[in-house]
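A.B. asks: The residues making up each chain are set out below.
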Amino acid sequence: MPTHEPAAADGAAVDLGGAPPERLRGLYRDMAVARALDGEAVALQRQGVFPAYVSLHGQEAAQVGSAAALDRELDFAFPTYREMAVALTMGVDMVGYMASHRALWHGGLYDPMASRFGPVNAVVGGPVPHAVGWALGERLRGGRGCAIAYFGDGASSEGDIHEAMNFAGVFGAPVVFFCQNNQWALSVPNEAQVAGGSIAARATGYGMPGATVDGNDAVAVHRAVSGALERARSGGGPSLIEALTYRIGPHSTSDDPGRYRGPEEERYWRGRDPIARLRAALEEAGHADSAFFDETDALARERAARIRDGVSAAPAPDGAEMFTRVYREPTEALRRQQRAWHEEAELS
Amino acid sequence: MTELATAGEHTGSPTAELSMQQAINRALERVLEEDRSTLVFGEDVGRLGGVFRVTDGLQRRFGEKRVFDTPLAESGIIGLAVGLAMNGWRPIPELQFDGFAYPAVDQIVNQMARMHYRTRGAAPMPITLRLPSFGGIQAPEHHGESLESLFAHVPGLKVAAPSNPADAYRLLVQSVRADDPVVYMEPKARYWERRPVELTESTDPIGVSRVVRPGRHATLVAWGAMVHRCLQVAELAAEDGVDLEVLDLRWLKPIDADGLAESVARTRRAVVVHEAPLTAGLGAEVSSLIQEHAFRDLAAPVQRVTGFDVPYPAGPLEPQYLPTIDRILMAVQRTLEF
Chain A
1 MPTHEPAAAD
11 GAAVDLGGAP
21 PERLRGLYRD
31 MAVARALDGE
41 AVALQRQGVF
51 PAYVSLHGQE
61 AAQVGSAAAL
71 DRELDFAFPT
81 YREMAVALTM
91 GVDMVGYMAS
101 HRALWHGGLY
111 DPMASRFGPV
121 NAVVGGPVPH
131 AVGWALGERL
141 RGGRGCAIAY
151 FGDGASSEGD
161 IHEAMNFAGV
171 FGAPVVFFCQ
181 NNQWALSVPN
191 EAQVAGGSIA
201 ARATGYGMPG
211 ATVDGNDAVA
221 VHRAVSGALE
231 RARSGGGPSL
241 IEALTYRIGP
251 HSTSDDPGRY
261 RGPEEERYWR
271 GRDPIARLRA
281 ALEEAGHADS
291 AFFDETDALA
301 RERAARIRDG
311 VSAAPAPDGA
321 EMFTRVYREP
331 TEALRRQQRA
341 WHEEAELS
Chain B
349 MTELATAGEH
359 TGSPTAELSM
369 QQAINRALER
379 VLEEDRSTLV
389 FGEDVGRLGG
399 VFRVTDGLQR
409 RFGEKRVFDT
419 PLAESGIIGL
429 AVGLAMNGWR
439 PIPELQFDGF
449 AYPAVDQIVN
459 QMARMHYRTR
469 GAAPMPITLR
479 LPSFGGIQAP
489 EHHGESLESL
499 FAHVPGLKVA
509 APSNPADAYR
519 LLVQSVRADD
529 PVVYMEPKAR
539 YWERRPVELT
549 ESTDPIGVSR
559 VVRPGRHATL
569 VAWGAMVHRC
579 LQVAELAAED
589 GVDLEVLDLR
599 WLKPIDADGL
609 AESVARTRRA
619 VVVHEAPLTA
629 GLGAEVSSLI
639 QEHAFRDLAA
649 PVQRVTGFDV
659 PYPAGPLEPQ
669 YLPTIDRILM
679 AVQRTLEF
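Chains as they are written, first to last, in this note's numbering: chain A, 1 to 348; chain B, 349 to 686.
Hints listed in this document are in silico derivations from the structure and should not be mistaken for laboratory results.
Glycine included, C-beta positions come from ideal geometry on N, C-alpha and C.
Any given hint could turn out to be false.
Here chain B is said to cover these stretches of chain A; the calculated rule only asks that three of the stretch's residues, wherever they fall, bring their Cβ under 8 Å from a Cβ of chain B [unchecked claim]:
no.	segment
1	62-70
2	114-127
3	134-148
4	155-165
5	321-328
Over 12 Å on every C-beta distance to chain A, these chain B residues come out as not near it, computed from the model [claimed, not checked]:
no.	residue
6	Asp417
7	Asn458
8	Pro544
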């Protein structure tokens with residue numbers, strides 16, 4: 001008898017619901033690239049190129065499905081640190097993004113403002129109020145953009161999440177709170193992390209609709225997030241979506257899930273693999289054939305390898321950046337320290 | 349800066365007799381008027397006009413979109429400011445009392461102070477965090493604290509602490525226009541002091557201190573409400589023929605190391621006075637800067653007169669906790685007799 005009964009995605013066949021085949025193939029393609037790149041990243045950690053890595057294996061549908069619903073010209077995503085597939089779907093420079101996992105620069109080496117995908121942030125509740133601020137700012141200027149805040153079931157215990165949701169509810173801010181409930185907050189299961197059993201159920205108290213969605217069904221996620229964005233864009237205010245999914249791997253490359261969960265649970269979720277499920281639905285609907293999948297999977301591997309090589313070869317930033325990025329108008333004390341550092345660097 | 353030459357118009361006379369609380373109100377009025385991207389928000393800043401009435405009338409004048417009340421949640425307020433700044437706004441959040449900045453420390457330190465660095469300069473963070481600060485009003489617990497060394501220690505932040513209405517006006521305008529986050533610490537004990545204020549902008553760059561009283565025998569270094577106390581000390585000392593210089597640091601990050609050195613070069617002696625506890629207080633930094641930059645000029649070790657290493661005590665004990673005139677005079681005597 002497992003000690004932990006995970007909140008399950010329903011695992012039913014993916015209902016394509018008349019979505020355009022090109023969009024569906026796009027979802028599949030981004031999920032395949034994310035899966036391949038995730039595998040390369042784990043390998044890079046094993047090779048010692050990355051000091052650590054946080055795998056999203058199993059969460060591709062939640063991430064790609066939600067990100068594909070965003071308007072890349074209008075909206076802004078606030079990630080924490082496991083949203084690689086969101087970055088990928090939004091067209092972020094992936095070498096720059098993966099540089100954060102190589103620890104070349106804390107927030108990554110891409111431009112978050114230009115790509116509308118916020119910097120990687122390890123304080124898991126921290127960026128959620130930023131999404132509300134961004135969304136409020138958008139509404140104050142009369143813009144049409146929405147913010148989406150990504151966070152996990154563990155982060156949902158953080159005070160900032162509650163403050164942010166309450167602010168958004170009070171202000172009616174155009175923001176989508178998107179929780180990827182992957183069942184485990186590092187080693188702590190849902191029932192020991194989330195009182196009340198559901199994160200979505202909290203939405204009522206913040207004056208917004210909350211819904212759970214099968215997070216391993218990219219089409220269902222896309223539909224749910226599209227609806228929430230439409231609501232926000234038309235002045236309907238914030239929403240909370242809880243995507244029920246599963247992290248197949250460890251929390252990070254530094255932990256061992258064998259110490260806190262059983263293999264039968266992982267098998268159960270492997271049986272609900274989001275990529276296999278979308279593939280089956282596409283085949284069933286006749287939207288794609290095996291040639292498409294072979295070709296796409298090969299392209300995914302190739303692209304992942306290119307990003308892997310890019311991030312492996314990326315040079316460390318110039319040490320001067322350490323000083324020049326702290327302020328727009330540096331202090332004299334910092335200038336003095338930079339001069340001293342520079343003189344030392346020249347001597348050594 | 350030239351476009352601001354006419355900014356005094358709405359305030360009527362360029363010089364007015366104002367309390368510090370009114371001067372800050374005028375500064376907020378000015379920046380709200382001259383830059384449509386500025387937003388004032390926090391707990392009770394709108395309809396009430398702030399618990400100290402610093403934001404009085406601003407919502408009526410600029411509307412609920414630019415001056416608004418938030419729910420009671422300090423971390424949320426600063427997080428909101430960070431997101432607004434990322435969307436091109438110039439937020440001026442208020443945290444109602446200094447002790448309540450602690451619940452927001454993650455957003456201040458991990459987010460507001462670092463976002464520019466984290467994004468390699470892509471995300472602007474022109475936030476001015478207004479923080480009614482320091483003790484001296486015998487307020488309940490958490491309503492009087494001295495957090496300056498905490499914030500001055502954090503890379504990415506700048507910290508201002510005006511001591512009089514005129515500087516309160518100038519430093520706030522300067523902080524809001526600055527493109528980096530500033531923690532602007534208002535000495536609440538001095539909110540009601542009325543002085544003539546020239547409603548003009550600062551000609552000093554950020555980080556420049558000011559000698560508010562020149563003297564020959566020793567320099568008293570202070571900021572916030574302690575500047576006033578040091579001026580009282582200087583007047584008393586003058587009766588005994590001791591001529592004290594009083595240096596108002598004004599900026600606690602960056603600290604004016606050159607200004608400190610120049611003053612000490614004249615007086616050869618320094619006493620640092622602050623409200624915060626002694627250990628690892630900003631007085632240690634000031635003292636160290638003086639020794640690094642003016643060691644040869646020093647005739648005596650730098651003295652510190654500070655709060656004690658205890659929490660800000662309850663009202664009846666606060667007058668004993670804060671540096672008293674006698675304690676400062678004794679420190680002056682120690683340095684003169686060294």
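A.B. asks: What hints, given by number in increasing order, does this structure fail?
C.D. replies: 1, 6 and 7
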